[in-house]
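Residue numbers (this note's numbering), protein chains in the order written: chain P, 221 to 906; chain B, 221 to 906.
These aren't lab readings, by the way, just hints derived from the structure by calculation.
Be aware that a few hints might be false.
You can't tell identical chains apart in this list, so a pair holds if it fits in one copy or across any two.
The calculated lysine-lysine pairs, modelled on DSSO-like cross-linking and capped at a C-alpha distance of 27 Å, are [claimed, not checked]: (1) K379 - K264; (2) K705 - K759; (3) K581 - K559; (4) K264 - K759; (5) K559 - K441.
There are 2 protein chains.
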Amino acid sequence: MKVLKNRYRQFLYSCFLSIATITLAQAELPLMPYPRSIEVTDGKYYLDQSFQINLGEVMTNRLNEESSLFIKQLVEQTGLFLNYRQVNSAVDVADLTIKVDRFGIVKMGEDESYQLTVNESGIALNATTDIGASRGLMTLLQLIDGDENGYYVPHVAIKDAPRFQWRGLMLDVARHYLPLETLYRNIDAMAAVKLNVLHLHLSDDQGFRFESKLFPDLNIKGTDGNYYTQGELKDLIAYADQRGIMIIPEIDVPGHATAILTAFPEFGSKDTTYVLERFAGIFDPTLDPTNEEVYAFLDKLFGEIIEVFPAPYFHIGGDENLGKHWDQNADIQAFMRSKGLETNHELQSYFNLRLQRILNKYDRRMMGWEEIQTNELEESAVIHSWRGAWEGAEPRASLYHAASEGYETILSNGYYLDLIFTAEDSYRVDPAPSSADISDEERSKILGGEVCMWSELVVPQTIDSRLWPRAAAIAERFWSPEAIKDVDDMYARMEVISLWLENFGLKHISSPNRILRKLAAGHDTAPLERLLALVEPMKGYTRNPGGTMYNTFSPYTKWADAATADALGARRLNNQIECYLNGKMGCGQIKDDLEELADNHGQVQLIIQDSPSLREIEQLSANTSKVAVLAIEAMNFMETNAKPNPKWFAEAKELLTAASQQGGRTELQIVTSITNLVAALEGEVK
Amino acid sequence: MKVLKNRYRQFLYSCFLSIATITLAQAELPLMPYPRSIEVTDGKYYLDQSFQINLGEVMTNRLNEESSLFIKQLVEQTGLFLNYRQVNSAVDVADLTIKVDRFGIVKMGEDESYQLTVNESGIALNATTDIGASRGLMTLLQLIDGDENGYYVPHVAIKDAPRFQWRGLMLDVARHYLPLETLYRNIDAMAAVKLNVLHLHLSDDQGFRFESKLFPDLNIKGTDGNYYTQGELKDLIAYADQRGIMIIPEIDVPGHATAILTAFPEFGSKDTTYVLERFAGIFDPTLDPTNEEVYAFLDKLFGEIIEVFPAPYFHIGGDENLGKHWDQNADIQAFMRSKGLETNHELQSYFNLRLQRILNKYDRRMMGWEEIQTNELEESAVIHSWRGAWEGAEPRASLYHAASEGYETILSNGYYLDLIFTAEDSYRVDPAPSSADISDEERSKILGGEVCMWSELVVPQTIDSRLWPRAAAIAERFWSPEAIKDVDDMYARMEVISLWLENFGLKHISSPNRILRKLAAGHDTAPLERLLALVEPMKGYTRNPGGTMYNTFSPYTKWADAATADALGARRLNNQIECYLNGKMGCGQIKDDLEELADNHGQVQLIIQDSPSLREIEQLSANTSKVAVLAIEAMNFMETNAKPNPKWFAEAKELLTAASQQGGRTELQIVTSITNLVAALEGEVK
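One chain only, chain P, in its complex shape:
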C-alpha cells in the first residue's frame, strides 16, 4: 500500500489541492469509512508470527468467528505464518485484546461503536457489542502497513460510531441471477466497509428467485432454473448475521410482477398469458388488487418468506406501477367506483394497506419504494426514497416528505450505482445534510441510505466492478461524520481501499482485466488499458436505449463492461490540465502522458484488426489520440505565445465535439478539460 499511501500523503501538498475545498483537517491514514475521531501519534506496533489475541471475559460466538476471520485476513494480507486459525481461548500476553460488554443484535439502532487504541504495549479494541468489535477489526486491517522492518500498525487512538443506522446495499438478483458465491463475497466486502443491510430484490419481471415450496411454479415457470433454496438463504442470512449485516427480502408487487404471473396468470389484471421478460424497462403486467385470491396467495407466500428471513422488515416494492392493465379492465374499474377509489394510486394504496395488514400479522414492518406512501399508510411503514432528476422529481423530496409525515425513511436516490455515475457524484449526496431545512424530529426519521445495484446490465462476472470501490465511498457517507467530504481526499483513500478490498475475494479489478485480455485477442493489453482509463460507460439510462438494445442473454464481455464508472486516468489528466491552466508548471509529466496517448491509437488499431468485438471503439480511440495531439498543440501555442489561426480553433471544436460521442457504449472523460485548455488559449488570443 505504501506507494498509494505515500501518493495519498503527497496529495495533501499537490497542486490540484489548491483548488479543492478543504472542509476538515485532512485525513492522515487511508481509512474508509473514516472514523469519527482519530489521533495519530508517532510510533508503530510491529506484527509478527507470534501474534496473539485475547478475547477478554465476555465471549460470544460472533466474536469468536469474527476474530478467526480477522486472523485469516491478517495472514493473507501480510503473508505471516500464524499457526492457528480459530481463536479459541484467551492468552495471557496478547498483541490484540478485544473486550466487549455483550453480544449484539443485528437490528437498527444497535450499538456499533468501538474504540481502537494502538500504542507500544499493543492493540486494544473495546466495544459495547461484538458487532462494534467486528467493525473495529476491519479498521484495524485497514491500518496495517509495511516498511523495511516489517508489518505494523501505527500508534492511534480511534473512537468511532456510525452516523446513520441504516447503511444498506440492494442487489437486484431478479434481472440477472447472482450465484451464492457472488453474494458471499459481497457480504464480506460490505462488512469490510461497515455496511449493515443487504436488501435482496428477489422478484421482478425477469425472475422469481426465492424457492417457494408452497408455490413451486414461481420457480419452475418464473425462472430459467436459477433461484435460491430456502436452505441456501438461511445459511446466507446466518453468515450475514455473524458479520453484523441484516438481510431483508423484497417481493416487488403489484407491478414488476411478470415472473409471478407466468406461474399464476389468474392473478393478473389482464386475461392473457405471461412470458418471462428478457428486456429492461417498466412493463404492464400487474397483480389484480380486486381479486381476493391474490391476497390469500400473498399471505401464504409472505408467510413462507418470513419463515426464512427473521429481519423485522419486509420490502414490498410497490414502484413503477403505471396501472395500464387496470385502466383496461372493466371489472377493476367497477371495483374502484364501488370503493370510491378515484385514481390508480388510490387503488394501489388500497392494495398496500391490505398487505400491511398481512405483514402486521407476521410482525413485520412494511417497507416499500416511495410510491407506497399515502395518507392511510400506518406509521410503521418505512419509505424508500428513490426518485430524482431522471424521474422528474426533486431529489430527496420524498425522503423529507416521508419524515415530515412521521415515517422512517431511507435514501437511495443518488446511490444507484448501475447508472454509472462517479463515486464523487454519490459521495456528494448526503441523506440529511445539516443545511437541510428539517426539524430534529424529522431528522430522526431519516435512518440512512442504500446503495442500489439494478442488474439489467450486469452479470456475476461484472457486478463487482460496478459496485466497488464506489460503494465504499457511499459507505463512508453513511458511516462517517458529515464533515468528511473532501472529494480529492476520498479518491486518494479510495484507491488504497480498492486494492485492499481484493483481499475479500472481490473481482472488481480482475474482471475488467479479464475482459481486456479477451478483447486483446492475444495482443498486449497495455494500449487498451491506456484508453480504458479515460472512458466511462454511458451514464443514466443512455447505454441501453428503450431497454431493448440489451437483454438478459446479451454479451456482457464487451468494452463497456470492462470500463468503470470512475475513469481514474482521466481524473488525473484532467487535474493535471487544470493545474497547468492555473500555474503552468509542476503538473506531473503531462506532456509525456499526452504524447503516449497521441501514439496510442496506432497500437489499438493493430488489436482491432484481430478483434472484431472492438470495432465499435475504433473512432473513440482515434479521437482520443487526436484530442491528445490537440492538447499538446494548445500548450505549445500557450508556451510560445504563438497564435493559432481561426481555422485551428474551428477544427479543434469540431474534433472535441466528435470526441464527445460515445464509442463502444463508453464516453471519453477528457473532453471537457481539453475544451477548457482550448478556451483558455482562445481567451489569451483574444
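Got chain P sorted already, so can you dock chain B onto it with the hints?
Same frame as chain P, but now just chain B:
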C-alpha cells in the same frame, strides 16, 4: 487470439524450431487436444448475430443443454448479440447443424467421436452420441477466430475420437476444502479440453468432506465445518453428467484416516485420541482391520456414498499405509498370526478383499492406488498407478504389472500437478507408448490416466493456476494420437488455449495477478511480473520440507503462490540463448530483454521496502539482474572475440551457483542457459 495464433504460426519458422524434433506435420490451428485427423482448406465461414442452430431429428436433454451452453460461450467469446440462449427448436436454415444418433451414457468406452465439417454452406457436427457432439462443440469454440471482416471459423474437415477412454482429474478436496464453485468452473474447464473423469479425494487426515447423515460426527469432528452436502453432490454429479464427465468418490482407507478417527477413535489401530491433521505428510492413524465393526461401519458408509454417486467405480485409496500402529498393537499382531498374515501388506490385502466384497454387493468396482494390488484381488479391481522416481519406483512399473495380471489400470505418475513440474514434463509421459514392451492384451487394460492435484499447498484462490493450463496439455496426451508430441508446438498452442480457458471462469491468470497486486503494495506490478515470468515454485516435495513448513492455515498469498510451473518468460529467454548459441543472430531482442532484466532489481527493491512479505525474494531478484548482466557480458565477449580472464569465469560460476538457490520458495529458470552461454564462451576461449 490473432497475435498468439500468428505467433504460433510464425513459430513454425522460428529459429528454435531448428533444434526441436518434428515428429509430425505441424498442427495448423491452435487446438488442444489436437484432433485425430484434420484437413484445413482455404476459406472462412463468418459468424454474425443471425447465427442459428439446427439440432437434427434425435434430440436429447444433453444436446439441448450443451448447445445452449455453446451459445452462451459463443456470445461471451465473440460479443455477438444473439437474442436467445436456449436452443429449443430446429430451424430450417442453420449455420450449425448438429446430428447425433443417440444419447450417450457417461461410462468408460462410450463413443465420444465426432466429425466437424466447416465449408461455405455452414458447419456440420455429426456424432454417434450427444457426448461426442459436446466434445465437438468445444473444438468448434476453439476454432473461432477474428479478422477485419468479423468472427469466423476456418474451413476444416475434422474426424476425432479419443485415444484413451479414461481421461481423469483428481482433486484433493480433503486437505484444503474446495468450494462448489471451484468444482463447477473446473468441470467446465475439463469439458473444454475433453477430460471425462472427475475423481474426488473426499477424505484424508485433514478432513472428511462427504456429508454423512448416518455418521454426522464424520463432518462435525472430521472437518472445520466444510463439507459437501449430499444434495450439493447430486447436483454436481448431474451437471458433470451433462458435460459428459463421470464423478467418482474416493474414501481413503485404511491409512490417511485421521479425519474418520477423530469421529470414531474406536475404529483406530491405537488406543488414543485423534486430532484433525493440519500438516502434510504420511501419518500413522490407521483403521483397525481386525475389528468387525470397522467393516460394518464402512459397509453402511459406502452404501450411503454409493446412493449419491452412480458411477460404477469406488476408489478406496489404500495408499501409504506404513502400518506402524499395526506393529504396535498386540491384538492386531495376534490376529495376523492366527490368519497366517505375515506382513502388513498381507493384512491390508485382507482388509481390501473385505472391502471388495462390500463393494461387489453394491455393484461397484473397487479402485485403489497401486498398493492395493495383491494376488487375491479380484480382476474387477482397477489399479491406479502413481509411484515413480520420488518413491524409489520405476515409473509405470505398477501400471504394466497390473495390466499383465489382467487388471484394468490407469496412470497418474508424471501427472501430479501439485509437484509443479512443467507442462513439458507431464506431456512427455505416455501411459502406453508404442515403444512399450507390452502385449495387445495388456495394452487393452491400460484405460488412460489421471491428472492429480493434491492440495497440501493450494487453496481455492490458487488451485486454478496450479491446474491450468498444464492439465490441458495432459488432456491432449490422453485424447490425441501418440504422434502429437512436439513440445514447442504444444507450448505455442497452450498459450492460446490458456487465454481461451478464461472464458470458462478459470482464475489461473487473474489469481496470480491479484497476488502480485497485493505484494506490490500499491506500486506498479511490472517489475514483479518480469521476475515472476522467470521463476517456478520449488518442485517435487522440496517446497514444504518435512511437510511442516506449511500447514492448512498458512498464507497462500505469497510469491511462490503467484509463480506457476511453467515460467514462460524463462522458456523464451532460454530459447533465445540457445538460438544465439546456434546461430548468433535473429534471435529476438535478446539483449534488450537482458538489459531490462539487469535494471529490474532496482525497481523490485523499491517495492520490497514497502512490502515486507517480499523480503524473501530480495536475493533472488538481485541475482537475476546479476546473471542478466553476466549474459550480456558473455555475449559481448563472444561478439568481439575478446577473452575474459579466469577471475571473470570464477566469479561467473560463483554467481550462477548463487542464482540457483531458491528465493521465496521459487527457483530461477534461466541459470542453465546462461551457464551454457558461459561454457560456450569458455570453450571458445580454450
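Which hint numbers does the structure go against, in order from smallest to largest? Hints 4, 5 are the ones this structure does not satisfy, whereas the remaining hints hold.
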